[in-house]
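A.B. asks: Here is how the chains run, residue by residue.
4 protein chains.
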Amino acid sequence: MSDFSCKPVSLDEINVGMTASYSQTITDHDIKNFAGLSGDYNPVHVSDEYIQSSRFRKRVVHGLMPTSFFSGIFGMRLPGPGCLYVSQAIEFKRPIYIDDTVTAKVEVIEVDLVTRHVKFRTTCSVKNKVVIDGLADIFIPKDV
Amino acid sequence: MSDFSCKPVSLDEINVGMTASYSQTITDHDIKNFAGLSGDYNPVHVSDEYIQSSRFRKRVVHGLMPTSFFSGIFGMRLPGPGCLYVSQAIEFKRPIYIDDTVTAKVEVIEVDLVTRHVKFRTTCSVKNKVVIDGLADIFIPKDV
Amino acid sequence: MSDFSCKPVSLDEINVGMTASYSQTITDHDIKNFAGLSGDYNPVHVSDEYIQSSRFRKRVVHGLMPTSFFSGIFGMRLPGPGCLYVSQAIEFKRPIYIDDTVTAKVEVIEVDLVTRHVKFRTTCSVKNKVVIDGLADIFIPKDV
Amino acid sequence: MSDFSCKPVSLDEINVGMTASYSQTITDHDIKNFAGLSGDYNPVHVSDEYIQSSRFRKRVVHGLMPTSFFSGIFGMRLPGPGCLYVSQAIEFKRPIYIDDTVTAKVEVIEVDLVTRHVKFRTTCSVKNKVVIDGLADIFIPKDV
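If you read the protein sequences in the order shown, they are chains A, B, C and D.
Take the first sequence: its letter number 6 is residue 6 in our numbering, and every next letter is one higher.
Converting from the second sequence to our numbering requires adding 1000 to each position, the first position being numbered 1.
Converting from the third sequence to our numbering requires adding 2000 to each position, the first position being numbered 1.
Converting from the fourth sequence to our numbering requires adding 3000 to each position, the first position being numbered 1.
These are calculated hints, taken from the structure and not from any lab test.
Built from N, CA and C at the ideal position, the CB exists for glycine as well.
Please note: incorrect hints may appear among the correct ones.
Said to hold, decoys possible - For lysine-lysine, the following PhoX-like pairs were computed, each having C-alpha atoms within a straight-line distance of at most 20 Å:
no.	chain 1	residue 1	chain 2	residue 2
1	B	K1142	B	K1007
2	D	K3032	D	K3058
3	B	K1093	B	K1142
4	B	K1119	B	K1105
5	C	K2142	D	K3058
6	C	K2058	A	K127
7	A	K142	A	K105
8	D	K3093	C	K2119
9	B	K1119	A	K93
10	A	K58	B	K1142
11	C	K2142	C	K2093
12	B	K1058	A	K93
13	B	K1058	A	K119
14	C	K2105	C	K2127
15	D	K3093	C	K2142
16	A	K142	A	K127
17	C	K2093	D	K3119
18	A	K127	A	K105
19	C	K2142	C	K2007
20	B	K1058	B	K1093
21	A	K58	A	K105
22	D	K3127	D	K3093
23	C	K2093	D	K3127
24	B	K1093	A	K142
25	A	K93	A	K105
26	D	K3127	D	K3142
27	C	K2058	C	K2007
28	C	K2007	C	K2127
29	D	K3105	D	K3142
30	A	K32	D	K3093
31	B	K1058	D	K3127
Unchecked claim - According to the in silico footprint, chain B covers these stretches of chain D (three or more CB under 8 Å from chain B):
no.	segment
32	3028 to 3039
33	3114 to 3124
The task is simple: from the sequences and hints, build the whole structure.
C.D. replies: Put into structure tokens, the structure is as follows:
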């Protein structure tokens, strides 16, 4: 049952325009876990008191937290297990607030059958507004 | 590194060439936590059996895991609390293996006093070899 | 519940009808931790937006999350440290919602002194309604 | 790009014999996380000292820990997002030891197009030996 097992999508099955996405509500748990992982305890992320005296309405999610969903989509679904992350460029365009539901989406924009690199546009959206925009380069080894 | 302690470094104190760094040994705990955060359970990260049949010698660390240390350095030390992440570009140049000690380093390469943006070169190294290379753009709000 | 404290209850002290229970409010933290452990990021568990367009009123707790409390009760109190889990059958009878307080309860229904197996009915309830029902078989080694 | 997005596999695409699987090396991190989630700190799981005086060669993994991978496969891949867990029966046939690589596999054994229930055989294996065996019943709501 190849299609639903966690086997990689092979290079020749990948076409420009293919997409995959993942949605999650980002809660305090995710912020605190990312703070613990990164050491980033910037009060804009972890202090309600600091936020009340700032120009933000709620605590702001670390931009790299939902960026990690790109890694999840690449590693698990498109192209899937075995692929290698070559580069990721990210622009944090709008703040993401605690309890926002973020949809991470990757879309194939270029496939190089010779070098085995696939380029993706990578976005995160909240209520259909792009909050994170970027580009990724993924390499698919031959032996996968 | 007393100068970049946990009070913000104000924009006019920041000069080209300033650096801040952070070192950590990346263990299974960090990999599994990042897998849980990102949903990325690619077997190159989580399965010893898969690795034994691959060209890697040990399980590979998710590239975005130590990238998160840049967020930690920016948010905590240089420029410190209150700054905002505008963009981050990353190239994953060499695999990082479980139990490697990674040193993340940021270095100021450009300061714009008018727009209040600071550009950094951001690197992660293992045994003095650059494993992750990149550029970051940080904005320092006036009220910080 | 002093009788089922953290020293093992020996086989000959166990009688049909004995019970032990444990209560916990299931929060986003528990759901996200279970998602991270299991890889189950089904949007019924992690996305508020998805839930709003579904027939559920709030995010649903992974059924195996509070099922894990049976493991806690068996391993810690009845029979306690040293026992081995032989089997567990579970029916998920009603959805459990985020912020529900779940009471897990195990009740001895059969004791076999020869084979050293103890059978339990295992239930989870929310506001006195059974949400999870099941049966477990526990083996108590002689050397415990 | 429907095939690789996290959209559910519809009931009429599911056939007897379909499988999906997931592999992970179970480390101390997973054991401790499961202990924290379940409250099961049975020394067979968490104490090296206890294990040295027991008949086990290494700390034993909580049986319900890799059982959670079934939830991950059902919720994410087969049938995927939106499906509901109706029941799960599990037999723990052999101990799983810390640092074992476990492969969880689900296989469709029955599809009922009228009631919309799908039955699966669910197994976990270590080095091709079945360590956990079981059956699951999954319901696929119409609106998914």
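A.B. asks: State for each hint whether it applies.
C.D. replies: Structure-based check of all given hints:
Note on B:K1142 and B:K1007: the hinted pairing holds, with a Cα-Cα distance of about 15 Å set against a maximum of 20 Å. Between D:K3032 and D:K3058, the direct Cα distance comes to roughly 15 Å. Compliance with the 20 Å bound is thereby established for this hinted pair. At roughly 36 Å between alpha-carbon atoms, B:K1093 and B:K1142 are farther apart than 20 Å, so this suggested pair is violated. Between B:K1119 and B:K1105 the alpha-carbon distance is near 13 Å, which keeps this suggested pair within the 20 Å criterion.
With a C-alpha separation of about 19 Å, the suggested pair C:K2142 and D:K3058 falls inside the 20 Å cut-off, and the hint holds. A threshold of 20 Å between alpha carbons decides the hint, and for C:K2058 with A:K127 the separation of about 19 Å falls inside it, so the pair holds. For the proposed pair A:K142 and A:K105, the alpha carbon gap of about 25 Å is over 20 Å, so the pair is violated. For the proposed pair D:K3093 and C:K2119, the alpha carbon gap of about 16 Å is at most 20 Å, so the pair holds.
At roughly 17 Å between alpha-carbon atoms, B:K1119 and A:K93 fall within 20 Å of each other, so this suggested pair holds. The straight-line distance between the Cα atoms of A:K58 and B:K1142 is roughly 19 Å, inside the 20 Å bound, and the hint therefore holds. About 36 Å separates the Cα atoms of C:K2142 and C:K2093, which puts this hinted pair outside 20 Å; it is violated. The straight-line distance between the Cα atoms of B:K1058 and A:K93 is roughly 37 Å, outside the 20 Å bound, and the hint therefore fails.
Distance restraint check for B:K1058 and A:K119: the Cα-Cα separation of roughly 27 Å exceeds the 20 Å cut-off, and the hinted pair is therefore not satisfied. At roughly 13 Å between alpha-carbon atoms, C:K2105 and C:K2127 fall within 20 Å of each other, so this suggested pair holds. With a C-alpha separation of about 19 Å, the suggested pairing of D:K3093 with C:K2142 holds against the 20 Å cut-off. Taking the CA atoms of A:K142 and A:K127, the gap is about 39 Å. The hint is violated against a cut of 20 Å.
For the given pair, C:K2093 sits about 17 Å from D:K3119 by alpha-carbon distance, which is consistent with the 20 Å threshold. This hinted pair checks out: A:K127 and A:K105 have alpha carbons roughly 13 Å apart, not beyond 20 Å. A distance of roughly 15 Å separates the Cα atoms of C:K2142 and C:K2007; the hinted pair therefore holds under the 20 Å criterion. A distance of roughly 17 Å separates the Cα atoms of B:K1058 and B:K1093; the hinted pair therefore holds under the 20 Å criterion.
A distance of roughly 24 Å separates the Cα atoms of A:K58 and A:K105; the hinted pair therefore is violated under the 20 Å criterion. Of the pairs offered as hints, the one joining D:K3127 and D:K3093 holds, with about 14 Å between alpha carbons and a cut-off of 20 Å not exceeded. Taken as a hint, the C:K2093 and D:K3127 pair is broken in the structure, with Cα atoms around 35 Å apart against an allowance of 20 Å. A distance of roughly 19 Å separates the Cα atoms of B:K1093 and A:K142; the hinted pair therefore holds under the 20 Å criterion.
In summary, the hint linking A:K93 to A:K105 is supported, as the alpha carbons are separated by about 15 Å, within the 20 Å threshold. Restraint check: the Cα-Cα separation between D:K3127 and D:K3142 comes to about 39 Å, which exceeds 20 Å; the hinted pair is violated. Restraint check for C:K2058 and C:K2007: the C-alpha separation of about 39 Å exceeds 20 Å, so the hint is violated. Between C:K2007 and C:K2127, the direct Cα distance comes to roughly 30 Å. Violation of the 20 Å bound is thereby established for this hinted pair.
For a cut-off of 20 Å, the pair hint linking D:K3105 to D:K3142 is broken: about 25 Å separates their Cα positions. Distance hint between A:K32 and D:K3093 is unfulfilled; the C-alpha atoms sit about 38 Å from each other, more than 20 Å. As the CA atoms of B:K1058 and D:K3127 are separated by approximately 19 Å, the hinted pair is consistent with the 20 Å bound. Closer than 8 Å: that is the beta-carbon criterion, and the segment 3028 to 3039 of chain D has 4 residues meeting it against chain B, so the requirement of 3 holds.
Only residues whose C-beta sits within less than 8 Å of a C-beta in chain B count toward coverage, and the segment 3114 to 3124 of chain D has 0 of them, not enough to reach three; the restraint is violated.
Violated hints, listed in ascending order, are 3, 7, 11, 12, 13, 16, 21, 23, 26, 27, 28, 29, 30, 33; each of the other numbered hints is respected by the structure.
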